[in-house]
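A.B. asks: Below are the chains, spelled out letter by letter.
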Amino acid sequence: MDKLVSKSEYILREVSSRFENPAVLWSTGKDSTCMLSLIRNVFGEVPFPVVHLDTGRKFPEIYEFRDKLSKEWGLNLMVSRNSDAGDVSPEKSHFECCSALKTEALKNVLREHGFDALIMSIRRDEHYMRNLERFFSPRDREFRWHIVRPKEPQEVGDAPFESLQNPELWDLYQTDFGEKCSHVRVHPILHWTELDVWRYTKESNLPVNSLYFSKDGKRFRSLGCMPCTTPIESGASSIDEIISELETTRIPERSGRTQDKEREETMRKLRSLGYM
Amino acid sequence: MFPFSYIDPGTGSVIAGSLWGVIGAILTAIGAFLMAWFIRPLRRLLSRAWKAAMGSGRFGIFFIIAVAIIIMASVIINYQNTEGFEMGKKVIVLGIDAMDPKVVERMMEEGKLPNLKKLTNSGGYSRLGTTTPPETPVAWSAAATGSNPGGYGIFDFIARDPATYLPGLSLVEQGSVATGTQYASGMKGIPFWKITSDAGIPTSVIKWPVTFPAEKVNGRMLSGLGTVDIRGLLNSYSFYTEDDTKQGPMDAGRIVHVSPRGGRVDTVLYGPRIQKGSEVVDAEVPMTVILGDNPAIQIQGSSYPIGKDGWSPWIRVAFSTGFLRNVYGIFRAYLLSSTPEFGMYVTSVQIDPENQLYRITYPEGYGKELAGEIGLFYTMGQPEDTKAVNEGRISREVFLEQFWQIEGEREKIFWNEFSRFRSGVLAFGFDSGDRMQHIFWETNTPKEIEDYYIQKDGFIGELLGRIDGNTSLIIFSDHGFNAFNRSVCINAWLVENGYMTLTRPPTGDDPGTLFRYVDWNRTEAYSLGFASIFINLKGREGQGIVEPGDKEHLIDEIIEGLSKLSDPETNRKPILKLYRGGEIYSGDFSADAPDIVIGFDEGYRMSWENAVGGSRQAILADNNEEWKGDHLVDPSIVPAVLFANFNITKENPDLTDIAPTVLNLLGLEVPQTMGGKGLVS
Chain G
1 MDKLVSKSEY
11 ILREVSSRFE
21 NPAVLWSTGK
31 DSTCMLSLIR
41 NVFGEVPFPV
51 VHLDTGRKFP
61 EIYEFRDKLS
71 KEWGLNLMVS
81 RNSDAGDVSP
91 EKSHFECCSA
101 LKTEALKNVL
111 REHGFDALIM
121 SIRRDEHYMR
131 NLERFFSPRD
141 REFRWHIVRP
151 KEPQEVGDAP
161 FESLQNPELW
171 DLYQTDFGEK
181 CSHVRVHPIL
191 HWTELDVWRY
201 TKESNLPVNS
211 LYFSKDGKRF
221 RSLGCMPCTT
231 PIESGASSID
241 EIISELETTR
251 IPERSGRTQD
261 KEREETMRKL
271 RSLGYM
Chain S
1 MFPFSYIDPG
11 TGSVIAGSLW
21 GVIGAILTAI
31 GAFLMAWFIR
41 PLRRLLSRAW
51 KAAMGSGRFG
61 IFFIIAVAII
71 IMASVIINYQ
81 NTEGFEMGKK
91 VIVLGIDAMD
101 PKVVERMMEE
111 GKLPNLKKLT
121 NSGGYSRLGT
131 TTPPETPVAW
141 SAAATGSNPG
151 GYGIFDFIAR
161 DPATYLPGLS
171 LVEQGSVATG
181 TQYASGMKGI
191 PFWKITSDAG
201 IPTSVIKWPV
211 TFPAEKVNGR
221 MLSGLGTVDI
231 RGLLNSYSFY
241 TEDDTKQGPM
251 DAGRIVHVSP
261 RGGRVDTVLY
271 GPRIQKGSEV
281 VDAEVPMTVI
291 LGDNPAIQIQ
301 GSSYPIGKDG
311 WSPWIRVAFS
321 TGFLRNVYGI
331 FRAYLLSSTP
341 EFGMYVTSVQ
351 IDPENQLYRI
361 TYPEGYGKEL
371 AGEIGLFYTM
381 GQPEDTKAVN
391 EGRISREVFL
401 EQFWQIEGER
411 EKIFWNEFSR
421 FRSGVLAFGF
431 DSGDRMQHIF
441 WETNTPKEIE
451 DYYIQKDGFI
461 GELLGRIDGN
471 TSLIIFSDHG
481 FNAFNRSVCI
491 NAWLVENGYM
501 TLTRPPTGDD
511 PGTLFRYVDW
521 NRTEAYSLGF
531 ASIFINLKGR
541 EGQGIVEPGD
551 KEHLIDEIIE
561 GLSKLSDPET
571 NRKPILKLYR
581 GGEIYSGDFS
591 ADAPDIVIGF
601 DEGYRMSWEN
611 AVGGSRQAIL
621 ADNNEEWKGD
631 HLVDPSIVPA
641 VLFANFNITK
651 ENPDLTDIAP
661 TVLNLLGLEV
671 PQTMGGKGLV
681 S
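Heads up: the sequence lines are chains G and S, in that order. To convert, note that position 32 of the first sequence is 32 in our numbering; the numbers rise steadily by one, no gaps. To convert, note that position 599 of the second sequence is 599 in our numbering; the numbers rise steadily by one, no gaps.
Worth flagging that the hints you see were computed from the coordinates, not collected in a lab. Heads up, the beta-carbon is just placed ideally off N, CA and C, and yes, glycines get one too. Hints are not guaranteed to be accurate.
[Said to hold, decoys possible] Residues from chain G shown here face chain S by an in silico Cβ test under 10 Å; the list is partial: (1) V42; (2) M129; (3) E233; (4) E262; (5) R263; (6) T266; (7) R268; (8) S272; (9) G274; (10) Y275.
Same shape as in the complex, but just chain G (with noise of 0.2 Å):
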């Protein structure tokens, strides 16, 4: 633990003096909280923007959360919301949806604010695309993250691409990515998992948002918005019940989240069997 920490707060370190005006984003979540944490830890404050996105279709208990931490950490709190986002519902189409409300709002944030860096609290054991993220994480004009390129391949057995992404060794980490770079994502809890999370929860004593524990036989293992994500069959009241809970499960942590897409594309796949 004390090690996944020193290396956090290293790399915060790194952010704050590499980059005039990062900012952080706070979803309300254990792994943005746990952030946050971090970062007062080290500065003793937060001296950077919070930013919280807001879909508008978050839980009542999300927006209360938010607005007591904020006042009791006195955080420069940032909430951004897409305002033109118009009639979009995840019925319609989920992928619409997300984009014009947690893209775009995020997109207008930073035109508006100018940030370079943005602290995001995503981990490896999250997904497998998230496995290949690097701490540093450059992203163009319009958000996209290069991995690769396409290359005609040189010989028998050789890719038809190349790595973009430069290897993070040690702790020297790349910052500076150039002219085509918009802004860069910084990840300091990218080596966590989410054990680690509940347990530094627990450590530091932070606080956590109700929707974590179980109501009903039911509790959250992941945030978003309401339409989108679903409680997971749980009995875990407390920190370390759920602690407990995650050292035996074997579900993946957002299944909660991507439930409704899967149901989207089984029925995509189900539609297309002629019997149907």
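Once you have looked at the hints, place chain S on chain G.
C.D. replies: Only chain S this time, still in chain G's reference frame:
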């Protein structure tokens, strides 16, 4: 089911590639290092030996003899590998999906099928027992493995994940591993082609259902039913129109609204879904339709004239999937009308056999070779677009044209393979007739269906004329056919009788598919697929409530209740027979079997809502779809057919006898796991 399985083809392979790139680079470096050390002296040694040999006449002869010995030894070793297989012995297994014995027997009687009649007289004909339930993937897999569904794990078109209750197609398994989307055949168990391949016998398996992705055989394979299109679906046709046609919520096809201007339509062709930034979008390429006297489709710098019959030729297209690579596909279009209103049907964009997104041929080069010899061809598992007919986009006539295109291509593929068939086994599937009968079935066989049987009889006649005395020929179908007049929703019955509780009632617009509104804490049994009922069993189902000790009693109760179900419209019982999965299935995969299997009576079929875990108000309703015939009834109603050019001595043969017969004919031992017996004792 995996979180990011919706990201299409391609996205994942880049990761695989980059990993392999790294591993490859390391291995290459090591290899180069070793080569530098060892190869040079070796080469020097060989060239010296060669020079010495050539230098004297004796050495030359010695060398030639040595090479001859090596060749002979390898031939002998190979020959021994084939376990008593006689070179030159040939077995052709020809499956004709849904060839119905009622139709065949009547038409033979009327003299309309002279070649099959001749085969009956010189060899043998019999009705063939089909599987329970008589569904295509279940039945063909029984023929391939010689075992009951418990031996290969396909019990219905639809299977469920017991943990989540989510239904899925049993034709292919899709998973998302660290390397992205991956497919695996839904059929477990050991098919006869694996046994013959392992024995070193030449083996080709072409268009046999449930063979996607293509497996390694000692010959060639072309994947059949289950093969996806480049969107990873079984069907995703498009319909381009300028009217305000709306897309139905259950439609497989996509409606693309266009507006013709100046004698042309500028639009796009949709391809695989790709990740773009943080979003997932459909890849697209611009496409222009030129209207007027010489209509044509212009795409990626080429122009393809649309024929007088309205059909375009095969068109090849490359979608850039962003940062990784191109995905290649092929499609055809049919121009319905250009005036007064524009309408165009575009088939699913299918896997290009020459640039395969997923492996549809073994070896991969076979796809290229075949396309080179017969031209491009429909590669998806079920290209006969029953969906487009059922959803009202193309007429039955256009569907029939497409059906004959596919049948024609299929025969070309057959003859291509037959022309080089010298030894071993050639297994081949014709399955378009099944889809055609689904649309055209009537009690009094219509001309369209008779034409098909007559055409196939002609094909068999030609084949009989071309095979030699060393060839055994088996022709079989997987099931017969019957009318689909009334649909049955078993979940509605379970709700009505208190075995299932819903949190809100189903409506026509929202049947609550994927068990969306099922209250599992108050549900004892659920139905999905076309014949399956499962008990919500504690310890097996994700939210099971029925104690294992109460299971058998509950099954009895449901069977008793369902057998009393009566249709007030017809005064008939919709269900002929109910089976206990535990009794009729055995084998390694029988634990996945449904607890109850329904055998519907003639004319009845499961409703589509039920198939996908939904429900509706009425248990029974009329079938008003274009999908008029079906075979998802009790196996006793839709037996299959079996023809052979040898005498069939086994009584009451069934599908599981096909694989053991193939092995017998080739002199191989039949594994004990095969429940079936040889057709000749």
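A.B. asks: Taking the hints in turn, state whether each one holds.
C.D. replies: Taking the hints in turn, this is what the structure says about them:
1. V42: This interface hint is violated because 28 Å lies over the 10 Å limit.
2. M129: Hint on G/M129: holds, closest Cβ of chain S at ~7 Å, below 10 Å.
3. E233: Holds, because the Cβ-Cβ distance from G/E233 to chain S comes to roughly 7 Å (cut-off 10 Å).
4. E262: Holds, about 5 Å.
5. R263: holds, 6 Å
6. T266: holds, 6 Å
7. R268: Result: holds, 6 Å to nearest chain S Cβ.
8. S272: holds, 4 Å
9. G274: holds, 5 Å
10. Y275: holds, 6 Å
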